[in-house]
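Heads up: the sequence lines are chains A and B, in that order. First residue of the first sequence: 1, per the numbering used here; consecutive thereafter. First residue of the second sequence: 1, per the numbering used here; consecutive thereafter.
Since the hints were derived computationally from the structure, they do not count as laboratory data. Don't take each hint at face value.
Dumping the calculated DSBU-like pairs for lysine-lysine here, alpha-carbon to alpha-carbon at most 30 Å [as the list claims (entries may be wrong)]:
#1 Lys107/B with Lys255/B
#2 Lys107/B with Lys248/B
#3 Lys283/A with Lys146/B
#4 Lys58/B with Lys199/B
#5 Lys172/B with Lys283/A
#6 Lys103/B with Lys153/B
#7 Lys250/B with Lys91/B
#8 Lys236/A with Lys173/B
#9 Lys261/A with Lys250/B
#10 Lys236/A with Lys290/A
#11 Lys199/B with Lys91/B
#12 Lys58/B with Lys107/B
From the derived model, a few chain A residues whose C-beta atoms are all more than 10 Å from chain B [said to hold, decoys possible]:
#13 Arg62
#14 Pro130
#15 Ile243
If you're wondering where the values come from, they're calculated on a predicted model, not measured in any experiment. Each residue gets a CB set at the ideal place from its N, CA and C atoms; glycine is no exception.
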Amino acid sequence: MRILVPGISGKLGRVVALRLLAEGHEITGIDRRPWTDAPPGITVFAADIRKRAAEEVFRKFRPQTVVHMATVTHLLARSEDRYRINLGGTRAVLAHCQTYGAEHFVFVGRHTYYGAAPDSPLYHTEDEPPLGLGRFPELADLVAADLYAGTALWRRPEFRTSILRASYTLGETGQGTLGSFLRGARVPTLLGFDPLFQVLHESDFAEAIAATVRARPHGVFNVAARSPMPLSTVIKEAGRTSIPVPEPFIAAALGRFGLPKLPQGALDHIKYPIVIDDRSFRKETGFSPKQGDLSPMHAFRAAHPAHPAVPPPI
Amino acid sequence: MPFLASSEALSRAARLDVSWNEAGVDPFGVSREHVARLMTILDVFSRRYFDLEVHGIKHVPDRGRCMIVGNHSGGFALDGAMVLASLFFRKDPPRLAQGMVEKFLNKLPFANLWANRAGQFTGLPEHAERLLDEERALLVFPEGAKGTEKLFKNRYDLLEFGTGFVRLAIAKKAPIVPFGFLGGGEAVPTIRNAYTLGKLLGVPYVPVTPWGLPIPLPVHLDLLFGEPLFFEGTGNEDDEYIRECVAKVKASIRKILDDGIARRSGR
Chain A
1 MRILVPGISG KLGRVVALRL LAEGHEITGI DRRPWTDAPP GITVFAADIR KRAAEEVFRK
61 FRPQTVVHMA TVTHLLARSE DRYRINLGGT RAVLAHCQTY GAEHFVFVGR HTYYGAAPDS
121 PLYHTEDEPP LGLGRFPELA DLVAADLYAG TALWRRPEFR TSILRASYTL GETGQGTLGS
181 FLRGARVPTL LGFDPLFQVL HESDFAEAIA ATVRARPHGV FNVAARSPMP LSTVIKEAGR
241 TSIPVPEPFI AAALGRFGLP KLPQGALDHI KYPIVIDDRS FRKETGFSPK QGDLSPMHAF
301 RAAHPAHPAV PPPI
Chain B
1 MPFLASSEAL SRAARLDVSW NEAGVDPFGV SREHVARLMT ILDVFSRRYF DLEVHGIKHV
61 PDRGRCMIVG NHSGGFALDG AMVLASLFFR KDPPRLAQGM VEKFLNKLPF ANLWANRAGQ
121 FTGLPEHAER LLDEERALLV FPEGAKGTEK LFKNRYDLLE FGTGFVRLAI AKKAPIVPFG
181 FLGGGEAVPT IRNAYTLGKL LGVPYVPVTP WGLPIPLPVH LDLLFGEPLF FEGTGNEDDE
241 YIRECVAKVK ASIRKILDDG IARRSGR
């Protein structure tokens, strides 16, 4: 099958592309960032998804399936850039899918769509509206992109549409929101809070995309790891040390003492859980995570040790 | 051995009909070690501090979904804690009763952890449904938060019951096991509730006792379970039918309480 992956050069995009290539598909990617050592069978065009050159790739390659991963999820990116890329880019991809006869559109979104709040149910199902935007406005463009992409379900009946809301991923690449949060040796937590996290191994995430490409489920689907676990366990298994900070002091502590920076709104995400119910995705695609519960953290720890080993003196 | 957990509590926690993942938590984040810790503390209170007597525990099914429904007895949720301890220590195989707690608890540091890791979640219909789907024992106080605010003189009264729990029990085909709890009012004899102080502390209220603080007295407590009730239907019946079922549950709890009062006065 001919598959086009906008956003292919991101570390997670590469993992997905390699997985799809291994399934025997013909892969083309569009990205502003280069992927210089892409293996044979994967062609990458350096282009901005919103520009004419990207449309030319659709015209020439005529993809049957488009896996849209060209969204900016990094919360510290400038907000106007995020809006342009996440919304303008998604609009362009949808229009090209229509014009050039794609059969299946996959939008790779995030489970943070649901927001973290003290009074929300532990498990979120796909029919829930987004919460918590008032306290975390930086997420608005991602939520808008998710809802906008979802309009393809009825606006573009010519092709099938799969909107995925994936839980945090972790693995060798160390990329992603959780990977950035766990980058340093010390990881801040809120004293007296230990929310549940679902962490999907990168290889399982890639398998989930491959299962979506195979089954072409039409609708909105949560994609999650086998079972949730406390943030303290995630930090410990990733070989990091958690630094519990009392809530009144956390804003002052972030970005100092070796702790990562976080927007204010993100604090709710280390205070309250966002756990998603992925039963419908599993039923539609037959997907089941292959890796053990703790393996995402162990893979991350092996590739990104908190204290890199010092080479022995010669 | 984990800090604060007795070996009996640990072995009973391991026998719970729950699937634990590699991190030792279930799909709801309930932690095996944490359950053992909490139960160890509750066991000390139920056996050593209070003198808890449990009757009719055989009415609680050994496994499978069920709803344990009873009265609040005033003060604070001592009743819920004693039901948890009873199902865990005085039943074989042990069961984990999972209560529906007030929303404020999730905002409190540490308190949210102690509740959630031991399987006590915010009282949302979504939680109740999911727990029953997972064949758990759901602990329900249909009087709601108002029930814990009962003053000493009203300790054996039953307030108005909500109806949602019966609809859910019918829809999920779960038996309702009624219970009556007596002695909570004597342990924390509330003369009034301090709402403003509660607001300052981030809780709904603070019960005021004749000695000021709501420190419970080491009194005799009685927990009596009645025969399970089953109601036929789909859960989409008219309010009239649901109210009839609720009245039957309430009457059953009233009867258990009256028996308990007679038993206590004969002591």
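Consistency of the hints with the structure:
no., hint, result
1, Lys107/B with Lys255/B, "violated (37 Å)"
2, Lys107/B with Lys248/B, "violated (36 Å)"
3, Lys283/A with Lys146/B, "violated (42 Å)"
4, Lys58/B with Lys199/B, "violated (41 Å)"
5, Lys172/B with Lys283/A, "holds (22 Å)"
6, Lys103/B with Lys153/B, "holds (27 Å)"
7, Lys250/B with Lys91/B, "holds (25 Å)"
8, Lys236/A with Lys173/B, "violated (41 Å)"
9, Lys261/A with Lys250/B, "violated (54 Å)"
10, Lys236/A with Lys290/A, "holds (22 Å)"
11, Lys199/B with Lys91/B, "violated (38 Å)"
12, Lys58/B with Lys107/B, "violated (36 Å)"
13, Arg62, "holds (43 Å)"
14, Pro130, "holds (16 Å)"
15, Ile243, "holds (15 Å)"
Comparing the model with each numbered hint stated earlier shows that hints 1, 2, 3, 4, 8, 9, 11 and 12 do not hold.
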